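Chains as they are written, first to last, in my numbering: chain A, 87 to 333; chain B, 87 to 333; chain C, 87 to 333.
Just so you know, not all the hints are guaranteed correct.
Intra- or inter-copy, both count: the list cannot distinguish identical chains.
[To be verified] Here are the simulated lysine-lysine pairs, DSS-like style, with alpha carbons at most 27 Å apart:
| id | residue 1 | residue 2 |
| --- | --- | --- |
| 1 | K227 | K170 |
| 2 | K122 | K170 |
| 3 | K330 | K123 |
| 4 | K227 | K330 |
| 5 | K333 | K227 |
| 6 | K330 | K215 |
| 7 | K215 | K227 |
| 8 | K170 | K131 |
| 9 | K123 | K325 |
| 10 | K215 | K131 |
| 11 | K215 | K170 |
In short, the hints are calculated from the structure, not lab data. What you are looking at is a predicted structure, and each value in this text was computed from that prediction instead of being measured.
So the chains spell out like this:
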Amino acid sequence: AKEMKMSDAKKIVPPTGPLTYDDVSSVSPALELYTKKTLLGGLWKRPELSSRDRSIVTVAAIIARMQMYEMSIHFALALDNDVKPAELSEVITHLAFYAGWGNAMAAISVAKDLFRQRGIGIDQLPPAKGELLPLNEEAEKQRATQVGNNFGTVSPGLVQNTTDLLFRDLWLRPALAPRDRSLVTVSALIANGQTAQIPYHLNRAMDCGLRQEEAGEVLTHVAFYAGWPCAFSALPVVKDIFEKRTK
Amino acid sequence: AKEMKMSDAKKIVPPTGPLTYDDVSSVSPALELYTKKTLLGGLWKRPELSSRDRSIVTVAAIIARMQMYEMSIHFALALDNDVKPAELSEVITHLAFYAGWGNAMAAISVAKDLFRQRGIGIDQLPPAKGELLPLNEEAEKQRATQVGNNFGTVSPGLVQNTTDLLFRDLWLRPALAPRDRSLVTVSALIANGQTAQIPYHLNRAMDCGLRQEEAGEVLTHVAFYAGWPCAFSALPVVKDIFEKRTK
Amino acid sequence: AKEMKMSDAKKIVPPTGPLTYDDVSSVSPALELYTKKTLLGGLWKRPELSSRDRSIVTVAAIIARMQMYEMSIHFALALDNDVKPAELSEVITHLAFYAGWGNAMAAISVAKDLFRQRGIGIDQLPPAKGELLPLNEEAEKQRATQVGNNFGTVSPGLVQNTTDLLFRDLWLRPALAPRDRSLVTVSALIANGQTAQIPYHLNRAMDCGLRQEEAGEVLTHVAFYAGWPCAFSALPVVKDIFEKRTK
Numbered sequence: 087a088k089e090m091k092m093s094d095a096k097k098i099v100p101p102t103g104p105l106t107y108d109d110v111s112s113v114s115p116a117l118e119l120y121t122k123k124t125l126l127g128g129l130w131k132r133p134e135l136s137s138r139d140r141s142i143v144t145v146a147a148i149i150a151r152m153q154m155y156e157m158s159i160h161f162a163l164a165l166d167n168d169v170k171p172a173e174l175s176e177v178i179t180h181l182a183f184y185a186g187w188g189n190a191m192a193a194i195s196v197a198k199d200l201f202r203q204r205g206i207g208i209d210q211l212p213p214a215k216g217e218l219l220p221l222n223e224e225a226e227k228q229r230a231t232q233v234g235n236n237f238g239t240v241s242p243g244l245v246q247n248t249t250d251l252l253f254r255d256l257w258l259r260p261a262l263a264p265r266d267r268s269l270v271t272v273s274a275l276i277a278n279g280q281t282a283q284i285p286y287h288l289n290r291a292m293d294c295g296l297r298q299e300e301a302g303e304v305l306t307h308v309a310f311y312a313g314w315p316c317a318f319s320a321l322p323v324v325k326d327i328f329e330k331r332t333k
Numbered sequence: 087a088k089e090m091k092m093s094d095a096k097k098i099v100p101p102t103g104p105l106t107y108d109d110v111s112s113v114s115p116a117l118e119l120y121t122k123k124t125l126l127g128g129l130w131k132r133p134e135l136s137s138r139d140r141s142i143v144t145v146a147a148i149i150a151r152m153q154m155y156e157m158s159i160h161f162a163l164a165l166d167n168d169v170k171p172a173e174l175s176e177v178i179t180h181l182a183f184y185a186g187w188g189n190a191m192a193a194i195s196v197a198k199d200l201f202r203q204r205g206i207g208i209d210q211l212p213p214a215k216g217e218l219l220p221l222n223e224e225a226e227k228q229r230a231t232q233v234g235n236n237f238g239t240v241s242p243g244l245v246q247n248t249t250d251l252l253f254r255d256l257w258l259r260p261a262l263a264p265r266d267r268s269l270v271t272v273s274a275l276i277a278n279g280q281t282a283q284i285p286y287h288l289n290r291a292m293d294c295g296l297r298q299e300e301a302g303e304v305l306t307h308v309a310f311y312a313g314w315p316c317a318f319s320a321l322p323v324v325k326d327i328f329e330k331r332t333k
Numbered sequence: 087a088k089e090m091k092m093s094d095a096k097k098i099v100p101p102t103g104p105l106t107y108d109d110v111s112s113v114s115p116a117l118e119l120y121t122k123k124t125l126l127g128g129l130w131k132r133p134e135l136s137s138r139d140r141s142i143v144t145v146a147a148i149i150a151r152m153q154m155y156e157m158s159i160h161f162a163l164a165l166d167n168d169v170k171p172a173e174l175s176e177v178i179t180h181l182a183f184y185a186g187w188g189n190a191m192a193a194i195s196v197a198k199d200l201f202r203q204r205g206i207g208i209d210q211l212p213p214a215k216g217e218l219l220p221l222n223e224e225a226e227k228q229r230a231t232q233v234g235n236n237f238g239t240v241s242p243g244l245v246q247n248t249t250d251l252l253f254r255d256l257w258l259r260p261a262l263a264p265r266d267r268s269l270v271t272v273s274a275l276i277a278n279g280q281t282a283q284i285p286y287h288l289n290r291a292m293d294c295g296l297r298q299e300e301a302g303e304v305l306t307h308v309a310f311y312a313g314w315p316c317a318f319s320a321l322p323v324v325k326d327i328f329e330k331r332t333k
């Protein structure tokens with residue numbers, strides 16, 4: 087084995103441009119074929135989820151996993167798949183809270199060029215503040231009380247912010263339909279292996295109209311973008327949720 | 087739904103510059119307001135953690151999660167918040183071991199420009215090798231024996247390196263106060279969802295002076311930078327640690 | 087504490103070039119020494135794993151964790167350590183499925199320049215489609231039946247794709263020896279903290295010839311590239327596998 091020399095690194099300039107199919111096939115002809123046939127020509131054409139939903143799921147997964155090379159293509163495809171610019175904007179805002187501020191900033195670094203390129207101006211974006219969707223005060227009080235009882239003394243700040251910023255603000259912003267906002271959340275959770283939060287959010291999504299067949303297909307879809315292990319880790323959790331909802 | 091064409095990707099040049107508030111608001115006016123008001127004007131002004139501690143927690147979380155777009159701003163802010171250059175250097179060194187070599191290298195790629203810009207020279211950096219803090223031989227022998235008994239035959243190399251490189255070297259480097267080094271570790275563990283290691287390291291942090299109120303606020307803070315699910319996954323673990331310490 | 091101003095970010099241009107030892111020591115002389123002495127001069131010279139295996143493990147871990155700054159160096163080192171171009175190509179293809187499409191694309195963005203630089207043409211790459219290795223039909227039917235019984239109604243798409251794309255296609259591509267393909271998979275799982283899938287894949291690797299001493303050393307090695315917490319989370323899982331195999 088040769089000695090590894092850091093100076094060798096100088097000869098390789100880091101990537102600067104978007105990838106083309108030629109780039110992919112110059113390294114892996116197989117991956118070019120899998121992308122064209124299995125992914126775009128296969129997965130994306132399955133009827134179990136609409137193209138628009140697939141775009142929502144994909145955008146959420148790639149932002150959650152900060153996959154920069156997928157963002158250009160999939161943000162553009164989302165807009166072409168009838169995800170409104172305001173909705174794409176709101177997915178990014180939502181994931182600042184559910185995947186981390188830096189993940190949202192990475193998404194913005196790509197989205198800003200796309201929006202400028204397509205002439206998407208502030209009139210098409212959700213306002214910073216505006217009218218909120220109605221809140222189920224009963225359910226929210228119950229949630230807040232439970233979390234407060236469990237963890238109110240452990241991290242008062244986190245518990246309070248969860249109520250004030252998430253459930254009484256972010257989740258009530260109208261720029262995403264509740265079903266879609268939940269779909270974004272569930273997709274990000276699966277992509278990041280955060281199985282403990284899947285039950286609450288998948289139930290919420292299904293209460294808002296996500297059908298069981300669609301939920302199962304989210305796993306099929308996210309497996310490609312976050313990797314098979316993430317999907318398989320979520321499988322038993324999702325199975326348990328389906329079984330409980332059927333009773 | 088339109089056919090996705092890889093050639094569409096060519097029209098979108100990948101991001102090359104740092105983000106400004108205008109960039110953010112061109113995609114999400116809401117995120118611009120959340121950043122200014124909720125994050126900088128809210129979270130960062132809470133008294134439960136000092137600004138300096140908040141910077142340490144933030145830098146650790148963003149290196150652990152390799153959030154490149156946050157690094158420029160927060161490395162600079164850390165220095166402005168009285169984190170010494172030597173301490174910022176040492177956080178990066180520490181996270182090479184606790185988040186992975188590539189995460190540290192990503193951090194260095196940003197820090198080198200900041201250090202050069204601010205004229206921070208080698209005289210301000212921790213030496214490669216130097217005098218170490220005193221070691222509690224009794225406690226270390228106990229830890230090493232326990233880990234050796236449990237896993238010595240599974241991965242002798244990992245077990246030996248843990249003793250030689252981490253507990254008899256890295257953890258004794260004086261460039262970070264023990265409390266701060268533990269705070270870095272705990273923040274990175276929460277940010278990466280590595281809850282199994284939180285008990286040991288949070289107890290160590292609190293033994294070194296991190297107060298319960300501060301520890302709870304670390305969760306409040308990391309929620310923004312690593313996402314709410316990471317903070318909520320850590321909550322029950324942290325609660326359990328607090329309860330055991332109170333007995 | 088100073089007010090954080092987003093405008094400060096403008097003064098710091100994001101990283102554009104590969105890192106040199108001078109870059110590293112300009113931030114952390116310690117990390118330069120740890121890299122040269124502990125990592126390259128220490129870990130990489132340990133006999134428990136061959137250099138070629140170490141390269142396979144490293145490449146898998148850094149693709150799984152999308153560590154861009156390590157990719158240039160380690161893809162080149164892999165080729166110098168007798169990993170054939172076709173094998174490096176196939177590692178990337180494999181990890182599109184096991185770490186996510188975007189991770190593979192990030193790897194391709196680096197590999198394409200290396201391949202072009204070294205004049206590696208399509209004749210040296212695995213074909214998109216070709217003859218497959220023989221399949222143990224009995225074992226595969228058993229696996230498929232078990233997974234189908236458990237999860238066939240939860241996500242029919244995921245279950246079917248697992249059979250069609252992974253076990254009847256990807257895993258039978260000859261461009262990687264079965265032992266090596268399993269080694270790639272195990273390394274990625276450890277690096278991503280996906281412990282639930284480690285038993286199946288580590289057993290598969292050891293059935294294909296990965297020795298216990300080598301498997302233990304994978305943990306020693308991945309600890310550096312994915313961070314100590316990942317290795318320690320995998321330790322009890324690996325211990326359990328070793329114990330069951332010994333009976």
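Comparing the hints with the structure gives:
{"no.": "1", "hint": "K227 <-> K170", "result": "neither (32 Å within a copy, 45 Å between copies)"}
{"no.": "2", "hint": "K122 <-> K170", "result": "both (25 Å within a copy, 26 Å between copies)"}
{"no.": "3", "hint": "K330 <-> K123", "result": "neither (37 Å within a copy, 41 Å between copies)"}
{"no.": "4", "hint": "K227 <-> K330", "result": "within (24 Å within a copy, 29 Å between copies)"}
{"no.": "5", "hint": "K333 <-> K227", "result": "within (26 Å within a copy, 31 Å between copies)"}
{"no.": "6", "hint": "K330 <-> K215", "result": "neither (37 Å within a copy, 43 Å between copies)"}
{"no.": "7", "hint": "K215 <-> K227", "result": "within (23 Å within a copy, 56 Å between copies)"}
{"no.": "8", "hint": "K170 <-> K131", "result": "within (21 Å within a copy, 35 Å between copies)"}
{"no.": "9", "hint": "K123 <-> K325", "result": "neither (29 Å within a copy, 41 Å between copies)"}
{"no.": "10", "hint": "K215 <-> K131", "result": "between (37 Å within a copy, 22 Å between copies)"}
{"no.": "11", "hint": "K215 <-> K170", "result": "within (18 Å within a copy, 38 Å between copies)"}
The structure does not agree with the numbered hints 1, 3, 6 and 9 stated previously, though it agrees with the rest.
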